[in-house]
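*Asks:* Those protein sequences? They're chains A and B, same order as listed. The working numbering applies: residue 269 is where the first sequence begins, and numbers increase by one. The working numbering applies: residue 933 is where the second sequence begins, and numbers increase by one.
No lab work stands behind these hints, which were simulated from the structure alone. Each hint should be verified, as a subset may be incorrect.
To be verified - If you only want the chain A side, here are some residues facing chain B, beta carbon under 10 Å, derived: (1) Lys-286; (2) Lys-310; (3) Val-317; (4) Gly-324; (5) Ile-325; (6) Gln-336; (7) Asn-340; (8) Asp-342; (9) Leu-355.
Claimed, not checked - Below 27 Å or equal to it, Euclidean Cα-Cα: the simulated DSS-like pairs (lysine-lysine) are: (10) A:Lys-280 - B:Lys-949; (11) A:Lys-381 - B:Lys-1191; (12) A:Lys-290 - B:Lys-1041; (13) A:Lys-280 - A:Lys-290; (14) B:Lys-1041 - A:Lys-286; (15) A:Lys-291 - B:Lys-1041; (16) A:Lys-310 - B:Lys-1041; (17) A:Lys-286 - B:Lys-973.
All C-beta atoms in this analysis are idealised placements derived from N, C-alpha and C, irrespective of residue type, glycine included.
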Amino acid sequence: MINEDRVILMTKMASYEKGPGKKNVAIGNYFRGDYIGFQVLKSIISVTVAFMIVAGIYMFYHFETIMQEVYNMDMIETGKDVLRIYLIVVVIYGVLSYLIYSYRYHKARRSLKNYYMNLRKLSQMYED
Amino acid sequence: MTSLLAAKQYIQNFIVKYEIYLLPLGKLLIALITLLMINSKIGYMARLDNMAIVLIVALMCSFMPMNFIIIVSAAFVVLHLYEVSLECAAVVLAIFLLMYLLYYRFSPKDTLVVVLTPLCFQFGIPYVIPLTMGLIGGPVSAVSVACGVAVQFVISYIADNAAAISGIAEEDMAAKFRYVIDGIINNKTMIVTIAAFAITVIIVYIIRRLAIDHAWVIATVSGAMINIMVLLLGDLILDATVSVPGAILGTVVSFGIVKIVEFFVFHVDYNRSESVQFEDDEYYYYVKAIPKISLAAPSKTVKKIHASKKRVR
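Chain A extracted, bound-state conformation (with noise of 0.2 Å):
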C-alpha cells in the first residue's frame, strides 16, 4: 500500500532539495565563519578589479593632463591618497557584503533545519 502521507511529505522534500534546498545544503556545508570569510574574499577580489577598472579609466581620459604633471607630481602622496580611496571602497564594500551574507547564511541554516526534521519525521513513517 502507498502510504499517502510519506508521499506528500517526499514530495515536498524532494521538490525542496530540487529547488532552494540545493543552495543552501552547499551553504550548510561550511561552518559559519568559513562561508561568510569565503564569499566576503570573493567581494574583496571582485571590487579590486571593479577598482583598478574605473581608475584605469579615469587616467587613460586624463591621459594627457598626467603627462604633463608625471614629472613634478609627488608619486609617493598620489600613491597614499589612491591607497586611501581604494581602501575606504574596500571596507564599505566589505562590510556590505559581510551583512548581505551572514543574513543569508542564517536564512539558509534556519530553512536547513526545516528540512532535517522533516527527514526524522519521514525515518518515524517508516517505523511505525
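Mind docking chain B on chain A? Use the hints.
*Replies:* Okay, now just chain B, sitting in the frame of chain A:
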C-alpha cells in the same frame, strides 16, 4: 469578469500542462527579439548581423540558463561596437564588467531586467519596467532597473554618434575615449530617467507592502504619477530632453500593460509547479505536484428569460 477569470484559468492550465515546452520557447523568443534588436540598432559587424547566426545563438539560449541570454547579448553588443572603434568596445565592456562585479554578483535573480529594459525602450513602453519591478521585485530592483536604463542610453548614444566617433583620427585614441566617456556621463536625460525609474520602483514597492485595501492598484497609480512628476521636474531642473507628451502617453499605455500583467502573472502560480522523482524500498515515485490555486470558480447563474407566463384566455 467571470469570463475573464475562466480565460485566465484556461491559460494557467495550459501553461502548467506544457511548461516543459513553453519555458524554452519563452527563452528562445526573448533571445531572438533581443539579438534582432541589437543587430538592427548597432549591427556594425556584418558577420554577426546574420539571421542564421542569430537563430543558432537563440536556440542555444533556449536550453541554457536564463543568464546565458545576458552574456550572449553583452557579447553581441561589445563585438558590434568593436567594429565602430576599439575604445567604444572597451568602455562598454568596462561598464558591463562593473555592473557584474559590483551588483549582479549579489542578486542574480534580477539579471533579466537589464535586457528587458532596453527592449521595452525600443517598444516605446519603458515605464512598464519600473512599475512591474516595484510590484514583483524588491527595493533593490531599483539598481537593476537603473543598470538597464544605463545600458539603453549608452547603446543609443553610441548608435547615434557612431559616425562622429569613427570620424576621429585613428591615432588619437585618448580623444576618442574622452568623447565616448563624456557623451555617456553628461547625458542628462539618462540621469533624469534613472532617478525617475529608481524612485518609482521604491515607491511602488513601499505602497504595495502597506496593509491597506487595493494596495496594488494604489501602488501602480501613484508609481505612474510619481514617474511622470520626477521626469517633468528633472526636465525643468537639469534642462534634459525628456519628451513630456511622450512620457505621459507612454505611462498611460504602460499602466494598461501593467494591469494586464498583474491580472495574469500575479495570480498564476505555474512556476511553483514541480516535477520530482524519488524512491523508497518498495516503489519508484514520479510525481508532478502543482500547488492549489485559490481562485473562486466561475459561478454560473441561471437567468430565466422565458419565464412561464400565465396565459389568459
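*Asks:* Would you mind marking each hint as holding or not holding in the structure?
*Replies:* Here's how the hints hold up against the structure:
The interface hint given for A:Lys-286 is met, as the beta carbon of that residue sits about 6 Å from the closest beta carbon of chain B, less than 10 Å. A hinted interface residue such as A:Lys-310 counts as satisfied when its beta carbon comes closer than 10 Å to some beta carbon of chain B; here the least separation is about 8 Å, so the hint holds. Contact between A:Val-317 and chain B, as hinted, is supported at the beta carbon level, the nearest pair being about 6 Å apart and thus within 10 Å. For A:Gly-324, the shortest C-beta to C-beta distance to chain B is roughly 8 Å, which falls under 10 Å, so the interface hint holds.
Look at A:Ile-325: its Cβ gets to within about 6 Å of chain B, closer than 10 Å, so that hint holds up. Restraint check, A:Gln-336 versus chain B: the minimum CB separation of about 13 Å is more than 10 Å; hint violated. Among the interface hints, the one on A:Asn-340 is violated; its C-beta lies about 20 Å from the nearest C-beta in chain B, farther than the 10 Å criterion. For the restraint placing A:Asp-342 at the interface with chain B, the shortest Cβ-Cβ distance is roughly 24 Å, beyond the 10 Å limit, so the hint is violated.
Interface hint at A:Leu-355: violated, since its Cβ lies 17 Å from the closest Cβ of chain B, which is beyond the 10 Å cut-off. Taking the CA atoms of A:Lys-280 and B:Lys-949, the gap is near 20 Å; set against the 27 Å cutoff, the hint holds. Annotation: proposed proximity of A:Lys-381 to B:Lys-1191 is violated, straight-line Cα distance about 39 Å (limit 27 Å). The straight-line distance between the Cα atoms of A:Lys-290 and B:Lys-1041 is roughly 16 Å, inside the 27 Å bound, and the hint therefore holds.
A distance of roughly 14 Å separates the Cα atoms of A:Lys-280 and A:Lys-290; the hinted pair therefore holds under the 27 Å criterion. Taking the CA atoms of B:Lys-1041 and A:Lys-286, the gap is near 17 Å; set against the 27 Å cutoff, the hint holds. Only pairs whose Cα atoms come within 27 Å are accepted, and A:Lys-291 paired with B:Lys-1041 is accepted, the gap being roughly 14 Å. At most 27 Å may separate the alpha-carbon atoms for a hinted pair to count; A:Lys-310 and B:Lys-1041 meet this at roughly 19 Å.
A hinted pair counts as satisfied when its Cα atoms are at most 27 Å apart, and A:Lys-286 with B:Lys-973 does not qualify at roughly 40 Å.
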